[in-house]
Amino acid sequence: MAKGIYKNSTEVVNVNGVSIYMKDIVDACLKTRLNLFLQGDTGNGKTQLAEDARSYFGDKSMFILGRNDMDTRDLFQQINLEKFRTANSSAELKELTDKVNYHLIVVDELPNCVPAVRAQLFNLFDGFVEINGKAYPIGKGYSVGIATGNIGQKFTESSNELGRALKDRMHVIIDVDYFSPKASNTLEILAEDTNPRVKFSENSKDLSNKIIKEHKELVSKEVPFEKLILANYLIHGLDYCNKGSKRKMKDAWPTQLDNHEQGSDVGLVLPVSVRAAKSILRLSQALDETARKKGISQKQIEKNYFNSVMQAYKLCSAYSGILNEADVQNKFDNDRYKALDSIISSTKTQYDSQLNNICAGFEMAQLGKRNEKVFNLFTKRWGFMKDIFEGIIKNKEQEKKKEIKTNEKNK
Amino acid sequence: MNIKIPKTFAGKPIKGAIKRVLAKSEKTNKTPKNENKNSDINIQSIDDYWQIQGVNYMNEIKTINLAQQLLPNMTQDKHAEYREQAISKGEFYTGDMPLYHAVFTALFNQKDKPESEQARQFIKKSMREKWLMTLTRIAYQPRGKDKIIHNYNTKDEYSLEEDIIGEDRFIQNEDRFTLKALLGTDNIQEIKDIYNWINGTDTYIWRINSKPNKVDERITRFDAVSDRADLDCDWDPAYRDPSLGVCVMREAHSQKN
Numbered sequence: 001m002a003k004g005i006y007k008n009s010t011e012v013v014n015v016n017g018v019s020i021y022m023k024d025i026v027d028a029c030l031k032t033r034l035n036l037f038l039q040g041d042t043g044n045g046k047t048q049l050a051e052d053a054r055s056y057f058g059d060k061s062m063f064i065l066g067r068n069d070m071d072t073r074d075l076f077q078q079i080n081l082e083k084f085r086t087a088n089s090s091a092e093l094k095e096l097t098d099k100v101n102y103h104l105i106v107v108d109e110l111p112n113c114v115p116a117v118r119a120q121l122f123n124l125f126d127g128f129v130e131i132n133g134k135a136y137p138i139g140k141g142y143s144v145g146i147a148t149g150n151i152g153q154k155f156t157e158s159s160n161e162l163g164r165a166l167k168d169r170m171h172v173i174i175d176v177d178y179f180s181p182k183a184s185n186t187l188e189i190l191a192e193d194t195n196p197r198v199k200f201s202e203n204s205k206d207l208s209n210k211i212i213k214e215h216k217e218l219v220s221k222e223v224p225f226e227k228l229i230l231a232n233y234l235i236h237g238l239d240y241c242n243k244g245s246k247r248k249m250k251d252a253w254p255t256q257l258d259n260h261e262q263g264s265d266v267g268l269v270l271p272v273s274v275r276a277a278k279s280i281l282r283l284s285q286a287l288d289e290t291a292r293k294k295g296i297s298q299k300q301i302e303k304n305y306f307n308s309v310m311q312a313y314k315l316c317s318a319y320s321g322i323l324n325e326a327d328v329q330n331k332f333d334n335d336r337y338k339a340l341d342s343i344i345s346s347t348k349t350q351y352d353s354q355l356n357n358i359c360a361g362f363e364m365a366q367l368g369k370r371n372e373k374v375f376n377l378f379t380k381r382w383g384f385m386k387d388i389f390e391g392i393i394k395n396k397e398q399e400k401k402k403e404i405k406t407n408e409k410n411k
Numbered sequence: 001m002n003i004k005i006p007k008t009f010a011g012k013p014i015k016g017a018i019k020r021v022l023a024k025s026e027k028t029n030k031t032p033k034n035e036n037k038n039s040d041i042n043i044q045s046i047d048d049y050w051q052i053q054g055v056n057y058m059n060e061i062k063t064i065n066l067a068q069q070l071l072p073n074m075t076q077d078k079h080a081e082y083r084e085q086a087i088s089k090g091e092f093y094t095g096d097m098p099l100y101h102a103v104f105t106a107l108f109n110q111k112d113k114p115e116s117e118q119a120r121q122f123i124k125k126s127m128r129e130k131w132l133m134t135l136t137r138i139a140y141q142p143r144g145k146d147k148i149i150h151n152y153n154t155k156d157e158y159s160l161e162e163d164i165i166g167e168d169r170f171i172q173n174e175d176r177f178t179l180k181a182l183l184g185t186d187n188i189q190e191i192k193d194i195y196n197w198i199n200g201t202d203t204y205i206w207r208i209n210s211k212p213n214k215v216d217e218r219i220t221r222f223d224a225v226s227d228r229a230d231l232d233c234d235w236d237p238a239y240r241d242p243s244l245g246v247c248v249m250r251e252a253h254s255q256k257n
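If you read the protein sequences in the order shown, they are chains A and B.
Residue numbers are given in the working numbering: position 79 of the first sequence equals residue 79, and the series is strictly consecutive.
Residue numbers are given in the working numbering: position 32 of the second sequence equals residue 32, and the series is strictly consecutive.
It is possible that some hints are incorrect.
With a straight-line Cα cutoff of 27 Å, these simulated DSSO-like cross-link-like pairs (lysine-lysine) come out [stated by the list, open to error]: (1) B:Lys130 / B:Lys192; (2) B:Lys125 / B:Lys192; (3) A:Lys401 / B:Lys4; (4) A:Lys369 / B:Lys12; (5) A:Lys380 / B:Lys125; (6) B:Lys111 / B:Lys125.
Worth flagging that the hints you see were computed from the coordinates, not collected in a lab.
Same shape as in the complex, but just chain A:
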């Protein structure tokens, strides 16, 4: 995609030996239609990064500066301000409808908005706009949102409430400060000019069609089976604890876990939601695609789906509310990414040791015959696999029954 003004060669994640940078993550979010929240302190380039992304879409995108005094009506009036001055009332409505077709919504300093405005902005991120009680889908089938801001306690009085809403709507939340530009980047930025303002791209090439095409290609690709199993591990395997289910424990997690579990990943992380798992799978597909474009062979990618899924998990989960905040603070120096690296490392150990058993389970499912010894290979956090095998076997049995019935009818 276009080069953009933002410069940052700090590696965010590594996929099969390929460095993925901040700009790659933004591109991946656009291609997968995952809403992105760039969290961080002011002046570190997050607005520039978002503006670079907006410039890909030419005049089919909007940039909104979050303000405390903004309300929903004002927001749309602001968008239509020029038309308001020249057009009559019907033209005014037409202009509003045109904007409904915008593909990218960039909201700068989103936490600055009052909750009512935020709610409307979140609707845009969800892909619709509510006008006079009616919801209109936006972007003609492709819309995505990027927001920036700081969700730290000292910047907003209702950070918890905002945090929950953000986690719901923003599929990927990245701490831009954590991956701040290198000295070589800032040297280049400073040497270029000393204008401290965000640079808005003028006459940039409209890449909307290219991005939408790439998006369609990416989402139409079948998600590899191995990735689906890994995503299930994140949903079900990480839910396991001696008490049965972390989800069912609700607020009793992690304090009422068994002692040794409190010192392990059982007490460090909650399972991901099904919605988050979908985001992880999409992002992992985009990360593989980025790695492929950077020179990695398809074979290499297929050999290590674990890597791209886990890197996507890291990016989608650091600020999603699944980490035990106290543990992150006490054991990982408040470094969420370090905590997730540790979870990924233990997951890798788990996964590698279970691979042969998983293969045996799928062979059993393929044969459609239950084997107690094989079922018994899956206990505790791998217990969820039994249900997968059982589901496949049942499907096979139903297919067989249908086949017998059809044969009987034909006779």
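Given chain A, work out where chain B should sit, using these hints.
Chain B alone, transformed into the frame defined by chain A:
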């Protein structure tokens, strides 16, 4: 929804997997009859721990579970308290230096197995990132031999007397009595090989360098950096550190010498 199962999973063929896995599992479940060191040992990864069979600890062959996550930061006193509660609940706890060394030895003796390699990587990472607490405490004495207390402050506590005081250095033959008291073995070459396998470096011992004026109690820990694996025998008991969680499962039989 009809799920299509591919021919391979993570590069491994699905066809024939049942036979392979069950054959391996049957082999693992067979109780070894002879007491040869290497034929007794085995390792498997079960849920969130490794089960290591054939660990020679205090001249007895044990099955020991090694947790895949560290126990939380605690002082040695707290680790000792925690151990007493954990044993009664069948949970993971902190071991003494000889127990950990016995576990490392058992892993080293089956180092070609993928599970051993996974455990090695975990131990190496943990040793490099943290100081790993043990339940061995040394009471450095102003006169005579020092006192080495294993399983400190637990119902399994036992003590030995040996000279531990000396210079900090890479271990050498002269340290064999010290190491016998600390790790339960005086096989210097084997000790070197084991920590070389774990960390890719030689083994270094840190200790009190000269006789103290009064009894000076210190805790022992395992740690590692890029150029040495450390046997820390000089640390202040007030420090809080994590530890490798272990759980002795059962006594298989005694080692006949």
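Hints, verified against the model:
Of the supplied pair hints, the one linking Lys130 of chain B and Lys192 of chain B holds, its CA atoms being roughly 21 Å apart against a limit of 27 Å. Restraint check for Lys125 of chain B and Lys192 of chain B: satisfied, since their Cα atoms lie roughly 18 Å apart, inside the 27 Å limit. Under the criterion of a C-alpha separation no larger than 27 Å, the hint pairing Lys401 of chain A with Lys4 of chain B is consistent with the structure, at around 19 Å. Our distance criterion of 27 Å between C-alpha atoms is met by Lys369 of chain A and Lys12 of chain B, whose separation comes to about 21 Å.
The hinted pair formed by Lys380 of chain A and Lys125 of chain B meets the criterion: a straight-line CA distance of about 25 Å does not exceed 27 Å. The hinted pair formed by Lys111 of chain B and Lys125 of chain B meets the criterion: a straight-line CA distance of about 17 Å does not exceed 27 Å.
Taken one by one, the earlier hints all hold for this structure without exception.
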